[in-house]
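Trainee: Read top to bottom, the protein sequences are chains S and G.
The numbering of the first sequence is my numbering, which starts it at 1 and goes up by one.
The numbering of the second sequence is my numbering, which starts it at 1 and goes up by one.
To be clear, the hints were calculated from the coordinates, so they are not data collected in a lab.
Remember, predicted model here, so these are calculated numbers, not experimental data.
Fair warning: there could be bad hints in the mix.
[Unchecked claim] Here are the simulated lysine-lysine pairs, DSS-like style, with alpha carbons at most 30 Å apart:
no. : chain 1 : residue 1 : chain 2 : residue 2
1   : G       : 280       : S       : 284
2   : G       : 344       : S       : 275
3   : G       : 280       : G       : 344
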Amino acid sequence: MNAAATYLLISFAFLVLVVVAAVAFVRNRRSRGIDYYADTTEPAAERPEKLLGAPPGEPEAPPVGVLEAERPAPVAGRLTRLRGRLARSNSTLGHGLLALLSREKLDDETWDDVEATLLQADLGVGPAQELVDRLRARARAEGVQDPEAAKALLRDELLTLVDPALDRSLVTHRDGGPAVVLVVGVNGTGKTTTTGKLARVLVAEDRRVVLGAADTFRAAATGQLQTWGERVGAPVVTGPEGGDPASVAYDAVSRAIADSADAVVIDTAGRLHTKAGLMDELGKVKRVVEKQAPVSEVLLVLDATTGQNGLRQAQVFGEVVEVTGIVLTKLDGTAKGGIVVAVQRELGVPVKLVGLGEGPDDLAPFEPEAFVDALLA
Amino acid sequence: MFTSLSDRLAATFKNLRGKGRLSEADVTATVREIRTALLEADVALPVVTAFTARVRERALGAEVSGALNPAQQVVKIVHEELVAVLGGETRRLRLAKTPPSVLLLAGLQGAGKTTLAGKLALLLKNDGHQPLLVAADLQRPNAVEQLSVVAERAGVAVHAPEPGNGVGDPVQVAASGVELARTKGYDVVIVDTAGRLAVDTDLMDQLARVRDAVRPDDTLLVVDAMIGQDAVTTATLFDEGIGIDGVVLSKLDGDARGGAALSVVTVTGKPLLYASVGEKLTDLEVFHPDRMASRILDMGDVLTLIEQAERAFDAEQAARMAGKVAKGDDFTLEDFLEQMQALKKMGSLTKLLGMLPGMGEMRAQLDSLDDRELDRVAAIIHSMTPAERADHKILNASRRARIAKGAGVEVQAVNQLVDRFTEAQKMMRQMGKRGGMPGMGGMPAIPGMPGMPGMPGAGGKRAKARQKAGTRAAKGAKRSGNPAKRAQQQAQRAGEDAQPDGAAPLDPAVLEELPEAFRGLLDR
Ligand SMILES: Nc1nc2c(ncn2[C@@H]2O[C@H](COP(=O)(O)OP(=O)(O)OP(=O)(O)O)[C@@H](O)[C@H]2O)c(=O)[nH]1
Ligand SMILES: Nc1nc2c(ncn2[C@@H]2O[C@H](COP(=O)(O)OP(=O)(O)OP(=O)(O)O)[C@@H](O)[C@H]2O)c(=O)[nH]1
Ligand SMILES: [Mg+2]
Ligand SMILES: [Mg+2]
């Protein structure tokens, strides 16, 4: 094929894209306002229950007298561990915001440092600048002079962004059948590990859980989930290597129904959101599952080290499978996971869980205060 | 969403037209834009600061070139600086003079180490080596099984004496792997290790002991292209902890801008060797500094687009189209449909659009687009009769209503398609008049859509060099069914591909290749 023909074809292709885009754009404008959730909402009677973290008002009692090896570590201790680990990682990083703000007065440099801290937490340029602008305005309006008070303002503004009022409870119960949890995300974020950890929490609450190994693609993915299943005491439904993931998911739900299990957690293969074929495959997994039971939760697993690409991931996965919650993994490292702030703001999907390590108990509910403090530490 | 650097700079320089010289104030404004662009591409803040300082210096002292407007001049400087940093030292795997050579793979959890182990093994095997994979990740559930499967797929040997899942000592396994290679005649040992956090001092110590036991010839840090600001901390600590020799960027097949490449190379000073671009074992490419620079700056990887286009469209189809344009025939809805089918083969729309330079303005609208839109439009065209497809002017209201019904869309969608298609057809006609070479920069904008991005002209010797490489790739589509052979050909091709870049990393022709794409944009 000669060069001229190639350029010509690219131009044709480009025009095709522009035309398709124009048609789609008009349609999207038109269709906004339709309530896509209208027929998928859970019945109102069904109260989502708090799985992790104590329901408001009830004190959170760690399980007493159980063996460490058999029972998950108390959930209450987990956040302290999070803080502890993050404190450790910060000593490596050197200066936290605290050090920066121990200056005498608020000057431009201080504000630049605040912005730098936010940027280095992967908050993104736009959100970081907006936040600093708002803070400066507030500091001026409220006559805030000293950095300590400014820090309180910053924490306050960040907390508002993260929104402690969001409902972060995990729906793992359904009347009349098993609750279905679908675990999705790009490659290597921690889906299989999260599936295992989540099963362990459920089993510890005396729920009957079935796991579905719907990653039939990656080498030893099924074996990996089986190991988790043995660890946490949950049966794993598997399929042939290279087989249809949707049919494994379907079988897992069938099995859960036959066993009168309380929940079925389905692990899916890692896939980049840019791969249309793989995203279609994921959409099919969900649709096939829905033939038997409604999907209660679609958890998108985001790696805390992920930068600005995390937002794209959330957008595309959200479009394909209607993500209901984010699991932010690998928060035990030095990364702060600031991209979830943009994800929550843009898409309104709350972070529900955080991953804090590779062990079976290293899963905790997301707590806005702890997250913000870690971001600023 | 993000806007590309070229879009930003074009805006900054809007009032500068004709001035052609950069004042201090201009440079300051420019540096601000560059900073934002780099941060949005996930380059780490300290790296951005150092980088922009250098660009600032060069921009201030830069000679004013008559041929370039200020924005082009700055883009050129930024791009050159990026290529200089990313490609400062390019090299391949470092192998020992006396075998066995030892390669050690390290990185965060889930970065892509095990997959890379398989890819490197396949590459080496096809290069006539006898690699041995060593399963020294005894931590992650079924990591040993994963490596064994990968070894089988690559058709290479694996040393997996311990079951893993918490059982066994990685230092011993690594050491016995090298020993085995020595006695059995494997000439390259690839040690897969468990993912670990750089701040996990116990595990970093363990890795240092593995290193001491095997004395690697090349220690490679595997970095996920999607990583953000943490790249600096992780790379620094891994380098301090075990001393890395080179970096491999993984998952570059996605749409992450990959600013981490710049971060990691800057803080460690170690070269980038390969780009991992997929889950299959053949998805490994030699690292191209100039492509990466364009990607970070969101200048669009036009060259990749060309390669993909050549793969998606067959030669016959291309010739037919070229003939039509040359004869001044009209581009029909039938042709349009054919183009759409080829487009689908090229992969996701957003990814495709991301390759085009200067997509910033349109991106917000195109963001919502996916391949299903192609199907929708195809459905509309499929509902037309052949006569209608050949001449859309006969589409009156009742025909349109029928088509809408047939395709299950609103009639407005049909109207939209016909209107936009008419515009596109006009453009094609103009293109034909200009001799078939679309210098799309001067194209009229489609009403209802924001400005059109520029397209590269066919000039530029580097573009031509790549053109040849791309043709080879297209031929490669009909390669033998033997996967090993195929991989070998691919590796060979990668080597050839690297030539133009490697031979002249700071080729002044870079200007011909890149800002040409901007020229149409900036001068509009
Ligand atoms: N430090 C840390 N490591 C984690 C965490 N969650 C998962 N990992 C590790 O990250 C790596 C990848 O985890 P997986 O669960 O296999 O990830 P995945 O998303 O299922 O990966 P694919 O199926 O290959 O896409 C493993 O080494 C896990 O042990 C976490 O919260 N913290
Ligand atoms: N799309 C894409 N996926 C990749 C690439 N490289 C690896 N992967 C996928 O990323 C996931 C993690 O890869 P692994 O090779 O298991 O990563 P690892 O670093 O060995 O992980 P741990 O051993 O758990 O630390 C898997 O799903 C791989 O298939 C790549 O270049 N592109
Ligand atoms: Mg997995
Ligand atoms: Mg591995």
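Trainee: Please name the hints from earlier in the document that this structure breaks, with their numbers sorted from lowest to highest.
Mentor: As far as the earlier hints go, not one is violated by this structure.
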